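We have chain A already, so just place chain B on it with the hints.
There are 2 protein chains.
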Amino acid sequence: MSHKDRQFRPVTVPSVTLSGFWGQWQDAVSETTAAILLDRCEAAGMIQAIDVDQPSPGVVIPIAPWGGSTQMFWDSDLGKSIETIAFSLYRKPNPELEARADAIIDLYEKLQDKDGYLNAWFQRVQPDRRWTNLRDHHELYCAGHLMEAAVAYYQATGKRKLLDIMCRYADYMLTVFGEGEGQMPGYDGHEEIELALVKLARVTGEPKYLDLSKFFVDQRGTEPHFFTEEAQRDGRDASDFHQRTYEYGQAHQPVRDQRKVVGHAVRAMYLYSGMADIATEYRDDSLTEALEGLWDDLTTKQMYITGGIGPAASNEGFTDYFDLPNDTAYAETCASVGLVFWANRMLGRGPNRRYADVMEQALYNGALPGLALDGKTFFYENPLESTGKHHRWTWHHCPCCPPNIARLVTSIGSYMYAVADDEIAIHLYGESTMTCELANGSEVTLKQKTEYPWDGAIGLEIGLGSPARFALSLRIPEWAEGATLAVNGTPVDVSSTLIDGYARLDRDWQDGDRVELVLPLVLRPQFANPRVRQDAGRVALMRGPLVYCVETTDNGDDLNAIVVPKTIPEGSTVMLPELNGAVAIDLTLQREDAGRWGDALYRSRPADRSDARVRLIPYHLWDNRTPGEMLVWMQAD
Amino acid sequence: MSHKDRQFRPVTVPSVTLSGFWGQWQDAVSETTAAILLDRCEAAGMIQAIDVDQPSPGVVIPIAPWGGSTQMFWDSDLGKSIETIAFSLYRKPNPELEARADAIIDLYEKLQDKDGYLNAWFQRVQPDRRWTNLRDHHELYCAGHLMEAAVAYYQATGKRKLLDIMCRYADYMLTVFGEGEGQMPGYDGHEEIELALVKLARVTGEPKYLDLSKFFVDQRGTEPHFFTEEAQRDGRDASDFHQRTYEYGQAHQPVRDQRKVVGHAVRAMYLYSGMADIATEYRDDSLTEALEGLWDDLTTKQMYITGGIGPAASNEGFTDYFDLPNDTAYAETCASVGLVFWANRMLGRGPNRRYADVMEQALYNGALPGLALDGKTFFYENPLESTGKHHRWTWHHCPCCPPNIARLVTSIGSYMYAVADDEIAIHLYGESTMTCELANGSEVTLKQKTEYPWDGAIGLEIGLGSPARFALSLRIPEWAEGATLAVNGTPVDVSSTLIDGYARLDRDWQDGDRVELVLPLVLRPQFANPRVRQDAGRVALMRGPLVYCVETTDNGDDLNAIVVPKTIPEGSTVMLPELNGAVAIDLTLQREDAGRWGDALYRSRPADRSDARVRLIPYHLWDNRTPGEMLVWMQAD
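Protein chains in written order, with our numbering: chain A, 1 to 637; chain B, 1 to 637.
If you are wondering where the hints come from, they were derived from the structure by calculation, not from laboratory data.
A hint or two may mislead.
Chain copies aren't distinguished; within one or between two, either way the pair holds.
As the list claims (entries may be wrong) - The list that follows gives simulated cross-link-like pairs (lysine-lysine, DSS-like), each with its CA atoms no further than 30 angstroms apart: (1) K389 - K301; (2) K301 - K208; (3) K110 - K208; (4) K110 - K566; (5) K159 - K114; (6) K260 - K389; (7) K447 - K260.
All of these numbers come straight from a predicted model, not from anything done at the bench.
Bound conformation, chain A alone (with noise of 0.2 angstroms):
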């Protein structure tokens, strides 16, 4: 079988246990965060929008310039806020809060139409208008998040109530949209729906999801165009609306056309990832061509170092390339997150560190920094520098980003491990246990133990019935020089067995083998492409997968005035217990002395220097302590 013939899928999320560094997280979400996200539901007024025994709460949130309200989205926020329950309850039994999303659920059964439509807008607010605006309205959109709580809790607690109401909305999808006589051949102006679909499929193992969800894909950006005629119909003036483009969805030409990344980076990052599910699925060559190409469009000319995408907030989304400020940046939590789906997906067809890599770094620096360590609060945006007026909020009139990290936290174990047949591949380090099995029947159990990402020494314990043959593949990240791998004991060459970046140890494998994987964790320069305007002269210090960055409690103001010399000082790592046993770094740098520069606002000779004690900490903590100034990207000797 050829290499790109393989099919990779995620393992389930009940599949893994974690404990360590993304176990601390999971307590905090399983613990805090899922009830919050349900308190906050309600008290917005979602429980009662799909209630039909009270009266509907009208529209809520007005109408914004772009001709639709953020509530029209309410499905997706509680579809993602049961989804995190959902993956919550194998981490924890909860009972009160899985009554809560049980009772939920039994709103959405009464809530839903004969013919199978669930949509809480469009059955109790503008019932007139569905599928009237597929650009705008997020009708399907909202279906994708209920379809993945309903395979997360399906998967979590036995129960298909929800399962069986998604698949009968799926079925009657299947009616309304193709190419058939009276069939609308269209798709969502936000993309979700695809990989919904395929994780409809491939828990109710039906077929026709995945065809479904091809079918949005092949058809979005063909001609004639979908969202053109459908304006028509429905009266409106088709070039009139919020965006302009449709790059704005990706829907500007045929997904198979597209190599550059535009518009909307959240709707981006779902599309991507439901095509890579779709190439995976249907070994389409011609999907992975573009997304390969518009891989390499993002991570080479439109990415934050933190895996942040979408730099402005006018169209929550992409700009010109290199266009990357750091104190304004958007970069949506949600973005990340997508990325993190997209860069899963595209290990469908074989690991891959070019994609794992990106995974990571947009897992830890992107994606994490929007929840708070007590799980209480979270960001939308995500700066790369803060003058301190930027912090962490309860909520957000359009709060998607809570729950979106929440469940991939909760979920984190399936995209750590991927399996293959007779292949086992390891994306992302982190203490665990993960139990599978392969095509020759063979039950595997893994142990990692492992203090990473803080320490790079990984231990795995290879639990087995009975001996079996099975290639076991560890990610070797590339910024890992020097990192050294033994099998039992037996010190392997780790570039003899790289492929793809992967260290693929294929063996007979007995119960209690052991491999020992040390990732040397060595704080780094990093430097922007000069044509990133915004971190010119500047430089950012990563540890392993880690984004560092200065904060005032620790440091004082002025931290644009911290200057790194050319050659990175030997620092010492320090344990804080206030943010969960981090490791912080502490060591000398330069620093301008703005105290004895005088009264002048500008002058012929520049500040004087000292060096200067300086402790930077894991970007994705910031804004836990004492709130001040942040910043990432400092002053380059």
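Here is chain B on its own, set in the frame of chain A:
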């Protein structure tokens, strides 16, 4: 007489004839801009708006979130346009333009109410709203601009009609405003009337107009707060307004208590200008003390190196100390024009280069960029960095900047020279001839021969009917290290003559006496206070009063890859005919090699650098050739 008891007043505009640098700019305005202003005011509907024989245009520009329409300020646009025409007529008779101005003045005469009131909006669109909302509606602001026009037009043409109209209006104001029974103890939300009344007083010799100006200055920000009481009287919630703070219009505290420059930048500059006039006219030390504090606050914490002020678009004004973003700088042309006004008036109590240096800096680099070389297009915002999308426009819904820079250019002679009893101060250099009469009756002619600002050699020839004793004070800019001075060929030790940065030559002068001043113009680096985070690690280059910049048309793209070495290399000056003979500077700097960087967005090694020939041009001339990127603050090695 003590130093601070002197009263320097600018010479009148007709007393100075310009050639050289400013002569060219005045030609552009007289021959092109002046007519364009009227054309565009007419096209916008402003003539119809004041013509009682035509139907009222109604609300042409919709009411904005701040509760008014920019159409409310149309009188100010017409006022500044007439003022520009008046100043242009000194330079060059233009019967056609004069006839158009006369026609507008006739319309205003017919429009004026019997009681003296005059305002296009509140007589023709909302007649029931007169004097109901001084905070937001700019009635006195509009009046002020018409007064300035009246003074200029009278001085230019000898025609009194507009002057008489505005005196009638001012006389009516004297009945409306005051602390007497039935009078309003108010003042305008947008300052302007204050400085206009001083001009009216000076040209008419009527102290009552000075007193009214002082009344407005004294009332501002006092308690009980006029804006609050006014709102309550008008049935409005006094706290519910767009900017939510009286700081926006510098009405948050009595002006004598103010030490921090806040709010809308143009409003602040116009207020301080009026305060400085009143301080001079009344020898009011309490105002001077506030003004000196405000001056320090602005120039040491809140001013771009261009003399641009007001970094934020949201309030068209000031934000935090040391917050000076370059690419998003608002730095409205009008605000720098206003800073020139204020600085000039700070010289009323005696020459001091502390004010005059900033006046020159803001004039050349903050205000002048507002006008294209051909006088046809205009900048509103003046960023110090552009990715190539910022260009001068032909018109704006709030066209305040075009006539503001035009009237400054055409009246620049009065900013160059000031006279007090037996003293003449030269604040600005430029080829010109000035005539004035001293208190002792001597008529003095000063001929200035120079190619300044391109060359630093300045020759002065004194013309006198008979010998006379007076002091001639010549500004020695702080940047002019090594300046030399000679009288009739005999060197004078500059430092021994220096008072507050002016070389004071107090002697008996003869007809034909010659003074030679040389201000060395060398390229000098400028670094910002380390607290200006946006300029950290960056350097700007100035030559004499001019800020220089790099543009794509000379230097290709990716201007942020240019690195200025620690020691500025010797450059060569180049005269550019396409920029009216401007002096560019060619020199060898360094440049990061974006071409050989490779595909990675980030990497551990900084970019390679190599020597690169770079051309710098004066910042005020950017965007006059092929459009592209522009950058002032370059990477410093």
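Up to 30 angstroms CA-CA - K301 versus K389, copy category: both (28 angstroms within a copy, 20 angstroms between copies)
Copy assignment of K110 with K566, given that the CA separation must stay at most 30 angstroms: neither (66 angstroms within a copy, 74 angstroms between copies)
Identical-chain pair category, K159 with K114, by Cα at 30 angstroms: within (21 angstroms within a copy, 84 angstroms between copies)
Same-copy or cross-copy closeness of K301 to K208 [CA-CA at most 30 angstroms]: neither (37 angstroms within a copy, 66 angstroms between copies)
Homomeric proximity label, K110 with K208: Cα distance no greater than 30 angstroms: within (26 angstroms within a copy, 80 angstroms between copies)
Status of K389 relative to K260 across identical chains (alpha carbons, at most 30 angstroms): between (34 angstroms within a copy, 21 angstroms between copies)
Within, between, both or neither: K447, K260 at alpha-carbon 30 angstroms: neither (40 angstroms within a copy, 63 angstroms between copies)
In this structure, the earlier hints numbered 2, 4, 7 are contradicted, and the remaining ones agree with it.
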